[in-house]
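Colleague: The chain contents come next:
Protein chains: 8
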Amino acid sequence: MRNTHDACHIAVPAKDLDEAVEFYVFGLGAKLARRYDDRVTFDFFGDQLVCHLSDDVPEEAVMYPRHFGVSFAAAEDFDRLLRLVEHRKLRVLAGPALRFEGTAEQHRTIALADPSNNVIEFKNYDDPRLQF
Amino acid sequence: MRNTHDACHIAVPAKDLDEAVEFYVFGLGAKLARRYDDRVTFDFFGDQLVCHLSDDVPEEAVMYPRHFGVSFAAAEDFDRLLRLVEHRKLRVLAGPALRFEGTAEQHRTIALADPSNNVIEFKNYDDPRLQF
Amino acid sequence: MRNTHDACHIAVPAKDLDEAVEFYVFGLGAKLARRYDDRVTFDFFGDQLVCHLSDDVPEEAVMYPRHFGVSFAAAEDFDRLLRLVEHRKLRVLAGPALRFEGTAEQHRTIALADPSNNVIEFKNYDDPRLQF
Amino acid sequence: MRNTHDACHIAVPAKDLDEAVEFYVFGLGAKLARRYDDRVTFDFFGDQLVCHLSDDVPEEAVMYPRHFGVSFAAAEDFDRLLRLVEHRKLRVLAGPALRFEGTAEQHRTIALADPSNNVIEFKNYDDPRLQF
Amino acid sequence: MRNTHDACHIAVPAKDLDEAVEFYVFGLGAKLARRYDDRVTFDFFGDQLVCHLSDDVPEEAVMYPRHFGVSFAAAEDFDRLLRLVEHRKLRVLAGPALRFEGTAEQHRTIALADPSNNVIEFKNYDDPRLQF
Amino acid sequence: MRNTHDACHIAVPAKDLDEAVEFYVFGLGAKLARRYDDRVTFDFFGDQLVCHLSDDVPEEAVMYPRHFGVSFAAAEDFDRLLRLVEHRKLRVLAGPALRFEGTAEQHRTIALADPSNNVIEFKNYDDPRLQF
Amino acid sequence: MRNTHDACHIAVPAKDLDEAVEFYVFGLGAKLARRYDDRVTFDFFGDQLVCHLSDDVPEEAVMYPRHFGVSFAAAEDFDRLLRLVEHRKLRVLAGPALRFEGTAEQHRTIALADPSNNVIEFKNYDDPRLQF
Amino acid sequence: MRNTHDACHIAVPAKDLDEAVEFYVFGLGAKLARRYDDRVTFDFFGDQLVCHLSDDVPEEAVMYPRHFGVSFAAAEDFDRLLRLVEHRKLRVLAGPALRFEGTAEQHRTIALADPSNNVIEFKNYDDPRLQF
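Residue numbers (the working numbering), protein chains in the order written: chain Z, -6 to 125; chain A, -6 to 125; chain F, -6 to 125; chain C, -6 to 125; chain D, -6 to 125; chain V, -6 to 125; chain Y, -6 to 125; chain G, -6 to 125.
It is possible that some hints are incorrect.
As the list claims (entries may be wrong) - Derived pair list, reagent style DSS-like, types lysine-lysine, alpha-carbon separation capped at 30 Å: (1) K82/V to K8/V; (2) K8/V to K8/D; (3) K8/Y to K82/Y; (4) K8/Y to K8/G; (5) K8/F to K82/F; (6) K8/Z to K82/Z; (7) K82/D to K8/D; (8) K8/G to K82/G; (9) K8/A to K82/A; (10) K8/C to K8/F; (11) K8/Z to K8/A; (12) K82/C to K8/C.
What the hints assert, rightly or not - In silico negatives: residues of chain C with every beta carbon more than 10 Å from chain V: (13) K8; (14) L10; (15) D11; (16) V55; (17) D72; (18) H80; (19) K82; (20) R84; (21) V85; (22) R101.
To be verified - Derived, one-sided and incomplete: chain Y residues facing chain Z with beta-carbon distance under 7 Å: (23) G22; (24) R73; (25) L77; (26) H80; (27) R81.
Keep in mind that the hints were calculated from the coordinates and are not lab data. Idealized CB from N, CA, C, for every residue including glycine.
Input sequences plus hints: build the corresponding full structure.
Modeller: Put into structure tokens, the structure is as follows:
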């Protein structure tokens, strides 16, 4: 388990900060924490996501090797994310699908793409102990 | 605050998985969770880091726009990280330094680079409420 | 998530402190913490509610723009509140009803009115992450 | 103590939603959660604050009987709030001051006013058990 | 809610300390913490129970006005206690029964008696918020 | 450690319920939860205290064998209780004193008496692990 | 309950450290924390397991008197362990079986053996309070 | 971090169960949970220790490769253990000493021996993150 007070910190490029706010806050339900000329910071599922204004964004969204997201311990939280994606018509890159099926580390997964082609993956392991 | 059961998930490229294990486990003190032919997974400060075997790694370590790490709520935890870096002679990219000095969001920061030039940043805000 | 030790603080007018105690403690099940000549303080679902003796109370209870209450993370806690309202025949201003139906932020809501026409709203979001 | 999953819910009027975002997010460090034509919602120190667009705002900021805020259990958290107020030059209505001095319920307090003259009070009791 | 680190402290008379150990540890499943010539201390459901050697014990077990026990938040924990009482044939003074039936504070209750006629009550409220 | 959701339950006699409210709420800082003709219930430091109207009260307050109270894990919480006792001039039966001095179970203690001669003891062990 | 920050520490012999890593990490899903010439340390279900390189290992795996493991509070966590054992074909020494059947301390149990014949037992009590 | 509800489980031999109770409860301050003809179970710092009656005990206490104990996250908890050892004159096998001095995994350690020559080690790492 992790503690409640530290925050994981993730920084990714964004070609347009308004787009980033639109996607992360009004799409994914993250919360806008701070905004500067060159970056915007979010409370992303309890962790800190920073979108840095940059032209260095991928031409298309590619699953590997770079992505980030959340591994939910509870199946219902993954279900809620799926409903949010559907309600808000977020751009799905892959899934929902079952991975490592029939093994101890079996988990559900869905991958989204933000407007700058950063990939966000949400997962739910049958056995949360194996989510690492 | 975030909850204790979910895990933040971060995936980055690694040109060599043994090197990744050496750096993250025996260097940074992350814990090796699983290893496959094409990836290795770590318990990285309570969250899930996955290094995917890939040639798509940066030629040099560059701070922006992509990096990840931990924002420590307690000053002592940042100090402990600094001591670890020193004891184990980890490769420092920048800092330790004070950022946003004299503002409410003032924080200490240090950036490291892993063997595949992924950048890892550790931070400690004077006011942990502003770490988002 | 919020932490367990701080308390949210809400102050509202009450035209009669005995009435306020009757409503909040023996009605809503809040707990009486302190009482002074000009105010009474309650442990209101874990937060601090203060009723200040004042003639400046609304002539009738109006839902918007001022109200306060609790957003329950668990559906059962909202159900329990509904049963309490029914058992103790508390004055219902609106609901129970479903709001933002068919969206990610769908939630159940009920609004009560205290004897000084302060409005208290209780809610339960399908996705507690969106309760902010 | 309160639990970590429920949220206290506070709704107040705002004559201008942009002003509200400016004050609460870029001033007080609350986080923007959602925005609609007629309201904006914030993660305010872990609880839900909603500003409803309304002309029904006070002509001037008056301390009693209506206000809301946070009672910090830790003295350092109150100190951090004071530093934030100073760094960001937020509009102070009263204090910082010591109230109920020399009694068991002695506490420090500071009151701010938002652009719509809603009053926000922050407190720190010497004995957090008496913060109710 | 209460915190996890403090302990509630209850002291009662016992005419025989061996009997007390037999009842509380091998009967109720409390844990023996310390023993002196004139007292024995238990970890009683997470709180501290002390049995003081004394002749001042009631001639018979009487429910009111003095007793102590546990109010379980979860129905299953009350069920488990009932099974323990049955399996270990503990001496039941009253119940299990439903009290305040049809009100918001409805709860299940069972009362046991220890060898020195101290009364122990276990309860489970439909609405744990009303267990105070 | 104990969990946060269950409550320890203590029932004692009170010859006068108003006196009990005066002492426990306005004296000790407990919170009034419910009141009936024959009893009053308190949130007493997070646990449930019930005062049952009864003539069966001790003629004088005697420390042993019956009392109840709180064992604080943190020294500051015990200090705060001492200050409350002083500020509010509560009736002290014994102490503050050091007990089991020079042993592993050394602790500070103070005993108060309520208007019905029930004895309340507050303690603070040097080693909170030994508070059982 | 135990606290979240301390770790239980268990040290056992291993005739081969690679084998130990293979079994504990890639079998049981423990996490590799550190490795030295003469020992390897694991995060074993949140506690610290150290395998010391040693020839002093049992010739065969024997259940009593020496073993270690985890007592799961939740039935689902025990079920997950059973599935892991099956999926990964871990060496089962005994069980799964029901012990102390028909008593308050009834629990499910399964015992595994590591490559150095250390015995690991996993349990799940019907009443987690009795897991001590 | 580990969770609060599961328990680590450790089983060791004891040549005499009364001796084991004397050492673990009245010496180390563990709590006696249950006792059978052939075993006694303890709440050992929040985890479950079982002493099985057995003649298979070491002739002398030897530090490696088998021992168990606690790694304290807080320095004060280690200090408290040292004071307990001194006050109660427990049998010290080695230390207190500093191990891995001048490295990131530096920690204090002390080893005790129980009456059956089982070795118990207590530790405190400068950086609790490295206690695994």
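Colleague: Hint by hint, which ones does the structure fall short of?
Modeller: Structure breaks no hint.
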